[in-house]
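Chains as they are written, first to last, in numbering that gives the first Met the number 0: chain Y, 0 to 261; chain Z, 0 to 353.
To be clear, the hints were calculated from the coordinates, so they are not data collected in a lab. Nothing here was measured: the structure is a model prediction, and the numbers come from that model. Treat the hints with care, since some could be wrong.
[What the hints assert, rightly or not] In silico DSBU-like links for lysine-lysine, alpha-carbon gap of 35 Å or less:
(1) K269(Z) <-> K291(Z)
(2) K143(Z) <-> K255(Y)
(3) K108(Z) <-> K143(Z)
(4) K65(Y) <-> K255(Y)
(5) K269(Z) <-> K23(Z)
(6) K128(Z) <-> K255(Y)
The lines below spell out each chain.
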Amino acid sequence: MSQRLRFSLQLGFTLLVCLFMIVPIAMSVMAGLTENYFQGLQSGLTLRWVSEVWALYSDTIWLSIKLAMACLVITTLIGVPAAYGLLRSRHRIAHAIEELLLLPVAVPGLATALALLLVYGSYREFRASWLFILIGHVLFTLPFMVRAVHSVMHTARLPLLEEAASSLGASPWQRFFGVVVPNCASGILAGALMVVTLSIGEFNITWMLHTPLTKTLPVGLADSYASMRLEVGSAYTLVFLLMIVPLLVMIQWAGKLTGPRR
Amino acid sequence: MSQSSSITLTQCSRTFAGGHVALKPLDLHVEAGETLVLLGPSGCGKTTTLRIISGLERPDPGGRVHFGERDVTALPIEKRDVGMVFQNYALFPNMNVADNITYGLRIQKLSRAEIDRRLAEVLEMVDLKGYAERSIAALSGGQKQRVALARAIAVRPRVLLFDEPLAALDAKLRDRLRLEIGALLRELGITAVYVTHDQDEAMALGDRIAVMQAGRIAQLGTPREIYHQPANAFVADFIGAVNRLEVQTQAADGTFCVPGGTLRAPHLAKAATLYCRPEDIQVVPIEKAQLKGRIIESVFLGQAQQLAVDTGNDTTLSVRVSSRREWPAGSEIGLMIPEQALFQPTAPGARAHG
Ligand SMILES: Nc1ncnc2c1ncn2[C@@H]1O[C@H](COP(=O)(O)OP(=O)(O)O)[C@@H](O)[C@H]1O
Ligand SMILES: [Mg+2]
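Sequences are here, hints too, so could you generate the full structure?
Written out as structure tokens, the structure reads:
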């Protein structure tokens, strides 16, 4: 009896929390699809706001995608060898770096952005280009890539596999591409999804670094909330969700692949 | 098979970071085509020795490794032409059986036809025909180790190295695979170094055995020599069970007084302790006995009966007798030890632990 009661209470609580989180999102999505938010649903459903968002802000969406892809390429090219280096190194410094990998998560994005502005702010051309924001995104997302790959490398017993490969005549390069990379593919995938998601959603650093010509999706979103009708901002949210939710689902799925396996 | 080569280690020591000496300067020669077993308790330096031979580990400065006449000390493992079989299989989980086995052949850029031919050949050798397309995860431990073996011999190495390949398998499987590996090594006639802590494995596979103790070789010899003429107490203890009999007095004619009776061993020098193996002690009627004692423990093992006999010696004597008869604890027993079954270590040494 008390078991049933406890179950009901837990279920109720869980549902309540879900509602608490989902309702605002649902409201926002609805707002983006209704003719007039203040009159409510009876004013009718429309895609007008979505197309307006597209007309006004499509370049922010393209920039965000471009940034995320460039960020992905760079973090993969740097992150996978870096994780591998950390794994191989028995040096004390390697452990220190592993700890440092948490730092960008802990340091506020604003501080990272300020530091970047201090160092590179005076190079006008660079300051005005999207590459400047790219640097910020790489700094922010690289640790996630390294950590994801590193942890899979750990569980994959790579050193042993590499010893086996080397006994079969494989050179360090052949081992890296033939054994290391395929056996941490799930980690690279998980890291990649994480990097893309974080890059697309990144606001703090980007807001500090952007110029009127280099606005990303979240910056545009803030902009629209500040200066447009509520319906436009909400429709923008909808677009954002459509981009980010599939990525989040894929992260979940990749997480299962990376889980313990035998 | 490509030409097997002999292996020579000269003054190879290994000191790890922190000053831990895993291996004291060691000289070792393995003849071409010979199987040498490195045997010893955990931590005695077997793996380190094997890894120095393979090239995965470098000896401290001054140590040299030769394959045949060739100095390979500076060569990394991928240039040494060795095949290795590891305790944990170390198969590539992202490849199936065939791709694992042919990995080294693809590295060598052999022709497709040659690769297929060799694959079929080694699959046959390790009795895994029909398993080529299996994924590694779908194999049992024994099958995995056979794939690892096939992968190592497919590249036709000059030297085959094994690091406790059977330690992860259960007893039955271990025995069978041991026989198979033994047969394969004889068939291939390849130089092999085989690391194990299991004396049965060592006896069955080794042309010679190097018993290691705390970073050095305690004795190097044929299985027969190691068992019957152990160089020191450590070796005697580590290889099989051994009884120690304290000598009370010793006459010039080779008669030794020990607790419970007298023994004859004119071939032995002055000694404080005599050694003998449990299976060499014979049970005789009390009136003809050299030693008398009382059975204090009697364990039925199936293939034999293990008795612990108290003769007043420091430790009880362990005796192996036929299990057909009953040997109740508490009864008196008469024992006889043939002269040639008594021995003393040829060199003084520490006691074995464990
Ligand atoms: N990479 C290493 N770093 C430090 N000490 C090691 C390393 N490898 C082995 N050792 C030490 O060297 C000794 C011999 O090790 P090993 O050769 O693996 O022994 P075995 O294979 O006989 O069990 C052990 O005391 C072990 O702890
Ligand atoms: Mg070992």
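| request: If any of the earlier hints don't hold here, list their numbers in rising order. | output: The structure breaks none of the hints.
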